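Single-letter residue listing:
Protein chains: 2
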Amino acid sequence: MIDEAARDLRRERRRGRNGEPGSESSRRPNYRSLKNPFLPQPVLSDDQVAAIHDTALRVLEELGIKVLLPEARAILAEAGALVDEDSQMVRIGRDMVEAALASAPRSIPAHGGDRSRDLALELGSMTFLAGSGAPNVTDLERGRRPGTLAAFEEFMKLLQHFDVLHMLGPCIEPQDVDTRFRHYATGRAQLTLSDKLPFVFARGTPQVEDSFEMVRLARGLSESEFRAGAYCYTVINTNSPRQLDIPMAQGIIDFAKAGQISIITPFCLAGAMAPITVAGALTLQHAEAMAGLTLAQLARPGAPVVYGSFSSNVDMKSGAPAFGTPEHIKATLGAGQLARFTGLPWRSGGGSAANISDAQAAHETQFALWGSVLAGATVCIHAAGWLEGGLSVSFEKLITDIEALQTVAELCAKTPGDADAIGFEAIAEVQPGGHFFSAAHTMTRYRTAFYEPLVADWSNFGNWTQSGGKTATERATGIWKRILSDFQPPQSAAATAGVLDEFIARRSEEGGAAPVS
Amino acid sequence: MIDEAARDLRRERRRGRNGEPGSESSRRPNYRSLKNPFLPQPVLSDDQVAAIHDTALRVLEELGIKVLLPEARAILAEAGALVDEDSQMVRIGRDMVEAALASAPRSIPAHGGDRSRDLALELGSMTFLAGSGAPNVTDLERGRRPGTLAAFEEFMKLLQHFDVLHMLGPCIEPQDVDTRFRHYATGRAQLTLSDKLPFVFARGTPQVEDSFEMVRLARGLSESEFRAGAYCYTVINTNSPRQLDIPMAQGIIDFAKAGQISIITPFCLAGAMAPITVAGALTLQHAEAMAGLTLAQLARPGAPVVYGSFSSNVDMKSGAPAFGTPEHIKATLGAGQLARFTGLPWRSGGGSAANISDAQAAHETQFALWGSVLAGATVCIHAAGWLEGGLSVSFEKLITDIEALQTVAELCAKTPGDADAIGFEAIAEVQPGGHFFSAAHTMTRYRTAFYEPLVADWSNFGNWTQSGGKTATERATGIWKRILSDFQPPQSAAATAGVLDEFIARRSEEGGAAPVS
Chain X
3 MIDEAARDLR RERRRGRNGE PGSESSRRPN YRSLKNPFLP QPVLSDDQVA
53 AIHDTALRVL EELGIKVLLP EARAILAEAG ALVDEDSQMV RIGRDMVEAA
103 LASAPRSIPA HGGDRSRDLA LELGSMTFLA GSGAPNVTDL ERGRRPGTLA
153 AFEEFMKLLQ HFDVLHMLGP CIEPQDVDTR FRHYATGRAQ LTLSDKLPFV
203 FARGTPQVED SFEMVRLARG LSESEFRAGA YCYTVINTNS PRQLDIPMAQ
253 GIIDFAKAGQ ISIITPFCLA GAMAPITVAG ALTLQHAEAM AGLTLAQLAR
303 PGAPVVYGSF SSNVDMKSGA PAFGTPEHIK ATLGAGQLAR FTGLPWRSGG
353 GSAANISDAQ AAHETQFALW GSVLAGATVC IHAAGWLEGG LSVSFEKLIT
403 DIEALQTVAE LCAKTPGDAD AIGFEAIAEV QPGGHFFSAA HTMTRYRTAF
453 YEPLVADWSN FGNWTQSGGK TATERATGIW KRILSDFQPP QSAAATAGVL
503 DEFIARRSEE GGAAPVS
Chain L
3 MIDEAARDLR RERRRGRNGE PGSESSRRPN YRSLKNPFLP QPVLSDDQVA
53 AIHDTALRVL EELGIKVLLP EARAILAEAG ALVDEDSQMV RIGRDMVEAA
103 LASAPRSIPA HGGDRSRDLA LELGSMTFLA GSGAPNVTDL ERGRRPGTLA
153 AFEEFMKLLQ HFDVLHMLGP CIEPQDVDTR FRHYATGRAQ LTLSDKLPFV
203 FARGTPQVED SFEMVRLARG LSESEFRAGA YCYTVINTNS PRQLDIPMAQ
253 GIIDFAKAGQ ISIITPFCLA GAMAPITVAG ALTLQHAEAM AGLTLAQLAR
303 PGAPVVYGSF SSNVDMKSGA PAFGTPEHIK ATLGAGQLAR FTGLPWRSGG
353 GSAANISDAQ AAHETQFALW GSVLAGATVC IHAAGWLEGG LSVSFEKLIT
403 DIEALQTVAE LCAKTPGDAD AIGFEAIAEV QPGGHFFSAA HTMTRYRTAF
453 YEPLVADWSN FGNWTQSGGK TATERATGIW KRILSDFQPP QSAAATAGVL
503 DEFIARRSEE GGAAPVS
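Which chain is which? The protein sequence lines are X and L, in order. Each residue of the first sequence is one higher than the last, beginning at 3 in the working numbering. Each residue of the second sequence is one higher than the last, beginning at 3 in the working numbering.
Treat the hints with care, as some may be off.
As the list claims (entries may be wrong) - Here's a subset of chain X near chain L, in silico, CB distances under 10 Å, partners left out:
no., residue
1, Leu46
2, Phe164
3, Glu412
4, Arg477
Simulated from the structure, these hints should not be mistaken for lab results. Just so you know, these numbers come straight off a predicted model, no measurement behind them. Glycine included, every Cβ here is placed at the ideal spot set by N, Cα and C.
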């Protein structure tokens, strides 16, 4: 009966009604600028949140954090921290943290290569990033293999294609490029293929300075213009527990001084690098994030810093990290409470420990995603394509996860609830046991009423079998291949190739820049 | 490094620490009795919810509903409804609906075969049911095939096994049993293999009376004891739009009179059997649910009725139903608002339109699940194993979805946030860059700190490949087979076989009971 009714609808369409302009109401939300529509969900009481914050300050004040970079220790000492140069331990007073929290911006305007790609990173806004930092890459046609620049470039095209991904990320480590030159290749790919906010690895000042220069060249910015706004970002991972290594500390300082964004993310796996309890892992995470934040604000008050959380748990039998677990979700919800306690924009982490794009991968990714959404994360990293706890990214999983992100994005659109949407007249028009396919209420809305899926196939078993009986993952192969073959970079991005290549050629001739460790 | 640390932990265990009793804190939530820990999420304003309720009453009052059963029309007319016997249209005044809402219970105690299986169906409690009503069944070993009694019985064993499934359901239609005797076979399977709340199809009074008698025999209840409490339930589907057919109307009356539970669920697919807008679909759903509720309360004031919602949308290109879509989630969230407006316990619907247990199936099922959880549904039907929009249930998907339900169940457990959980001393005990595997804080907690997965495999790619490289769905085959081969029914249930068989033999000899339509 539904099928017959659908035929009626097609007939109606052929009659030309669909050409009429006017009253059709539009569903389409702006995927490029999402506001989280959900109430943030707490897992801890307000008192407990305050106690975690307070204990984190005690950790910094009484126990301290090991800071391996002399320059960072000097900056912290200068501001009043108690530094033991022998042990490299730095004890940071709560007054210092409180001053840093006061100077850190609550809202960070981040500039893409086009105004429509600009972001406001603040509590309430919601951005998604694909899986990042994977040494390996996998797809159904070419199998699992070490990351290459070609795969990195392909991924950039896919990230550019989907508006629901808001920033670029270091999706794949291109292991076929020498580490002295790798940042040129990844910077070039990001800046010539996309107009979204690019990522820069904090692997020492020489590489960071090179990368900043590439952003300035691509965006046509003077040094002072660049320093006055945020045009790229990095992720700083502390070496939990309580340790900040040389490139990470240097990155905090370099990005702060340049006014660029640091996402300071302790990676606190409960039971391994952090206490086994959710509250304990959050306490350690909070202490380390506060230490990084303080260093950034001392390097330059007002520096754009995103509070970072990526606390999950390990399998206590094997020590293997796990994601999308109940503890991961709870830790993310608790991190959201801590972020709101401080008022800072913040990031969470998605992902899955599954080895292929199967039901486990989808479920874990969804749970991590909902944890982030319900925690009110400003930035959700690893939200699409991440497998093996980050050891690979999958072309197909990128596509199937993007469907999930688009579904969440659709939920950001208001649900009309006025008399016209309620539609008493439509209900009156259709007789008992009839159908609404050709009701006027339907005809004015059917083109945009519903989300149209990217990869989901809603055909019945017979039709699906006849058309090859492909899984969503198999269908995703066709989708990413089609996007890649049709891809056209934004003109503004493609036009930067000349000036970037000139810079890269000169710097390469000079020997490039080795990573600092 | 994590691997080394895990070895340390194993060594610690061998040293015997794990034998110590005492301070270990327990995570384990009681899966049999879940309270929804989430704040309900609104999609409509309070005014809009009131307007939908009001418009639904207008629909019943001004447009009416077609009621095909003369007895139902007579009951409604007797209470003041305006009935046109020619058209079978019944117009129900808002005073009648308001009286029904006043007499419907806010909390329904439902009795299983064991006290630990008793449920309190009310706002705030959360129960899950597997996929129901499928004509086909599928698994990786035997393929997709029409439902049989053997498959039904196997499914009952699996449903009984998992505490996170709270009631039984008519998972598979056993097409190899004549319809005159099918209710005996499905009733027997439910009552002899499980002590959970059984389902009874409303396919006419003769079958319903037979089924009630089987419940009374199995539970050892007199007729008056049975009528004084709820021992089974049915699902009533209206024929949207605005039509109540003979077996459904009869079911409402029969279940109400017997004090058994009716879940009154209009199946309002927006754009097809309901207006294309979420608010419009909800308005029609609400009107039909209110009509069913009113009939039930007239048949017996105080009859246990669950408000039902299963509103999703269709693909406007093909008319195919879709689930786990943005519109499905929004409709579920709105239904939760309407249920809270009335104060009634209510049901939602999960599921997926995917044809196999793939990434699409997992994502759609998750979205529908989160819609239900965030809407505060008392009963979430089709939460596990449902494929093809209900045309099949999958043994493997049942297992992978149960992992998702168990993850949600874990989130119902409180997250400890006291000083002991925050663990300042644990953080002090572990040196910078060290690990927490052998910290005292870890050792007292590691056995129960984290959820242990049912089917998820967190081993690394090498180990996973060596152990066969199986997908979660493939691993699920081994799990359901193991559960079936180890299955022991509850003694109390198995013990009912004799008395049930005697009844079934007698009734079969009498010719059974044909379904009424």
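We went through each hint and held it up to the structure:
no.: 1; hint: Leu46; result: 4 Å, holds
no.: 2; hint: Phe164; result: 16 Å, violated
no.: 3; hint: Glu412; result: 4 Å, holds
no.: 4; hint: Arg477; result: 8 Å, holds
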